[in-house]
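Asker: Listed below, chain by chain, are the residues.
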Amino acid sequence: MNEMLSIKNLRAGIEGKEIIKGFNLEVKAGEVHAIMGPNGSGKSTLSNVLAGREDYIVSGGEVLFNRKNLLELSPEDRAREGLFLAFQYPVEIPGVSNINFLKTAINEIRAYKGLAPMEAKDFLKLVKEKQALVELQGSLANRSVNEGFSGGEKKRNEIFQMAMLEPTLAILDETDSGLDIDALRIVANGVNKLRSANRSFVVITHYQRLLDYIVPDFVHVLYDGKIVKSGTKELALELEEKGYDWIKKELVEA
Amino acid sequence: MAEQKDILEEHIFSEYKYGFTSDIDTETAPPGLNEDIVRFISAKKNEPEWMLEYRLKAFRHWKTMEEPRHWPHLKYPEINFQNIIYYAAPKQKATLNSLDEVDPELLATFEKLGISLEEQKRLTGVQSNIAIDAVIDSVSVKTTFKEVLAEKGIIFCSFSEAVQEHPELVKKYMGSVVPYTDNFYSALNSAVFSDGSFCYIPKGVRCPMELSTYFRINTSGTGQFERTLIIADEHAYVSYLEGCTAPMRDENQLHAAVVEIVSHKNAEVKYSTVQNWYPGDKNGKGGVYNFVTKRGICLEENSKISWTQVETGSAITWKYPSVILKGDNSVGEFYSVAVTNNFQQADTGTKMTHIGKNTRSTIISKGISAGQSNNSYRGLVRINKGAKNARNFSQCDSLLMGSKCGAHTFPYIEIKDKSAVVEHEATTSKIGEDQIFYCNQRGIDTEKAIGLIVNGYCKEVFNQLPMEFAVEAQKLLAVSLEGSVG
Amino acid sequence: MTTVEKISASEKLVSDFEAVKKTLPENSFVQNIRQKAIEAFAKLGIPARKNEEYKYSNVQKLFQEDFTQSAIYNPQFTIDKYLIPNLDAHIIVLVNDFYSEELSSLENLDKTVVVSSLKKAFEKYPELVEKHFSKHADISSDAFIALNTAYAADGIFIKVPDNTVVEKPIHIINVISAKENTLFSPRNLFVIGKNAQLQIVETFASIDLTVNVISNSVTEIVVGENARVQYYRVQNENENSQHINTVSASQEKNSHFDTNTVTLSGGWVRNNLNIALNGENCETHLNGLFLANATNYVDNHTLVDHRMPHCESNQTYKGILDGKATGVFNGKIFVQRDAQKTNAYQSSKNILLSDDATINAKPQLEIYADDVKCSHGSSTGKIDEDALFYLQARGLGIESAKKLLLHAFVNDVMQTIRIEALREHLENLIHKKLD
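Residue numbers (my numbering), protein chains in the order written: chain U, 3 to 256; chain C, 3 to 488; chain Y, 261 to 695.
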């Protein structure tokens, strides 16, 4: 089968506290999975662990990404292998232009794959093309990475970077948080245009609202570090209606 | 973080790229300093009496002075001024008419430095060109583009030549900005300077190319004491570049230069330095002691002087390029990146003295400390009484890389006029782990990420440099910081 | 010229010590320290301006005249006029450095709190005093600490036991008077125990002063674990007074220490405030305000020494200078290698009202740890002309508009004063001063 991401019984935490407690997920190429959960259920920990953030310690389980052991790879090699994380809080890097940043990233990824650096002409063409995707102003590309960007601009910039780097697996970490409906629509449109048969998405969100725009193939409910319920997009609607307490109650009763 | 450190530690301190010695025939004075040596230097250069008198006065004054050791944030062993060779000149034919007559070894040296004089020569007349005066062990060996510049009335030659050919200009301006009484090292320089560059831009002339001096210390045990004098007459403009390298040596070499700039009415001088003297090895052995006095005066109204420096070399840097804002509406600027790694120490900054009305100054200083180094910003902003509506803005940022280095800020602000507006801001921080992780997640490894972030941090200063220099400065920065902790 | 004076004034102080020490409290422990201190002073001498710490302070000039060291003169006065209106406080009075029990009133003070003259404390609480005396103000670091330590005849000793909350502020009133040129050397020691709380207000007054006096004081404050201490110092004296004050505080872990140094008048004032953060998770706030005119000289030197991780320090100093006054702010934040996760901030803002006034600011950072957030800012300017014009356009006269803006300028420092009666008192004084 065309398995892209396979997470088996993952256990992880930070500062000695276990937060992910036996997490399982299978994502095939082209699929969109939504992971929903209340605050503190482990959503951010999951994305940080998958991206390889140093502070998070994996205490058990395995993660295969395109049949490679993801957990053995450095954060940059995970990125070079095609894993992209759209950050919940994109960091500002003063003085480093978006363009320069992306050029460096693309050429590092190309070097990893044994490809020559991209021609400047081709690169600029690509920038133009992808900027349109998220309706990002041309001037933003010349500004420093995320510096002085509004919340919406930051999130759009994340999707723009994703379009530029063409990952095989994109994890969107609460990309919808803090966005007004217009910005949300732009971000979602960008993502939808990037959907393809060989690209998968894991959309982590607190609200069902995003899933009206990015329609998932599967919806999972994360609670206390593991998936407690899975279904299709209808599950998200049910959650929206009944709230997370409904899941908690079900769990207690079960 | 542990893993990042490992990655970085793999990159053990990269070799100092410019650490070759050139096998050039040199003629040297015996070590030590007394009046005879001063006379010897003056005689070697066939100097007129007035020049010798100036040197002797400076020498006598120097003997009464104390080394400035109490206030800089620097620690180094006693310097024995009697162990230093005060004069070393590459042996050369009496006069050089073309580059073909220059010692081929010397030319090869410059090739290694990345400046091919040959190539420069061929590209005559192009706007982006750079005219170069090369100073090796204190003696100016070749000035390029002289003829082209002469057409516009620009004088660009070695200091010795200026003493012979333009004594009236030298007499008028030398010591007018940095008198020999100014400080210990300016007095020493005034007594023993051997050569340097001289530049005069006549009224109304915009210098069509960048003027540049490359300095190199070559002979072991020598001190380098060059002297630069730049005069921009009314409505003139010049951009001047200075580059420095020295071979790797176990012992400490002394460099004590004096640079004077005079900017007349409506004139502008831009002075850029990329200083890459040998910093010593990774255990702190060897390296150049860089004690430099640089000062410019905005003599009349609407004049401007701008200093930009990228300081990555030297074991010890003691340097405060300054501007005296005498003319009304004059402008002084100081842009600095100072990097210290391993055991380097830098105490550097600027002095802006506001005398005229409506004078403005800007100070942007970016310090980066790594290894076990100490990096200090020391700056004075002085608003004299009567300097109406003077303005200063200072921004001094420090970046720490690793937990064994130090970053210090010592600003002095002295204000004697109520109409002044002076603002000073300073921050100290380290490179954010989240910034590095963000780069990692986009496929950029830690070493490259640090390079990106550091260059971004220094951007305001690099933007001030001419294009060729900016590229060189960025590379230099990356080399200087290789092997430092993230 | 100056070198000759320096040697003579310093040497005289050293040689005078032999005679004066016989009049000082006897105790081998103290004697020993005094001896070391005078030796340290002999080595340091009265600092010249070439000394970076005294670059802007011409202290040698202060010592050009001869001074006697022991004031036997006892002035007659009533304490009432030196009280702060509406301030409900325990009162401690020192007259010419000596603790006056009859003028003080400590009736309602918790009996476990010790208030005594330092002289008596050497005898009654030797263990405690010896543990702290001269341990926080380092004689080798500064000539005037050394000089005070050698010469100090008396001062006040306060000890707040662990877990004791002193509800009302303690107001210390220092009264000096002299018939001949006198060098005073008051010495205080405050030890605040674990989880204890204390507010101190210190004020200064001089009576019929026609001669030159120099007061060279040293106060050591020990802020115990998790203790909360506020220390307010109000200097509002006549133009003949010359002060060199050193406050050296040491904080233990989880403690909070807030200081306010308000200088409204005084001929020549140098305040040294040194704070050592010796435990984790300490917090310290240093606020200062100075208004100077005529030929006043007001110099605030601060040193915050971050020695341990996770501490926070915050400094805000504001100065308004008129006439031919000179103001100095010299602040140093020192972050030692172990003091990771330090947050330190320093701000110095000044307004010059006259063309003959001078401000010298030197905000310094000396940092040896990398995971820190440190910043400082300094700004000097005139009154905001746009704001002035705006107020005028709303019908305010230029003088009242200026006054309003100056009040606004000092307001954030005033708001850090948490004793209401004191704040009101100071606001009144400032109001008068700005007239």
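Source of the hints: derived by calculation from the structure; they are not laboratory data.
C-beta atoms are modelled at their ideal positions from N, C-alpha and C, and glycine is treated no differently.
Don't take every hint at face value.
Said to hold, decoys possible - Residues of chain U clear of chain C, computed beta-carbon distances all greater than 10 angstroms: (1) 64; (2) 80; (3) 98; (4) 102; (5) 128; (6) 153; (7) 208.
Unchecked claim - Computed beta-carbon distance windows for the label pairs: (8) 141(U) - 601(Y): 30 to 40 angstroms; (9) 465(C) - 11(U): 51 to 61 angstroms; (10) 11(U) - 470(C): 55 to 65 angstroms; (11) 671(Y) - 184(C): 50 to 60 angstroms; (12) 637(Y) - 141(U): 42 to 52 angstroms; (13) 272(Y) - 183(C): 52 to 62 angstroms; (14) 681(Y) - 181(C): 55 to 65 angstroms.
Stated by the list, open to error - Where chain C lies over chain Y, by a calculated footprint (3+ residues, C-beta under 8 angstroms): (15) 607-619; (16) 623-632; (17) 648-655.
Asker: Of the hints given before, which are not true for this structure?
Answerer: 2, 3, 4, 11, 12, 13 and 17
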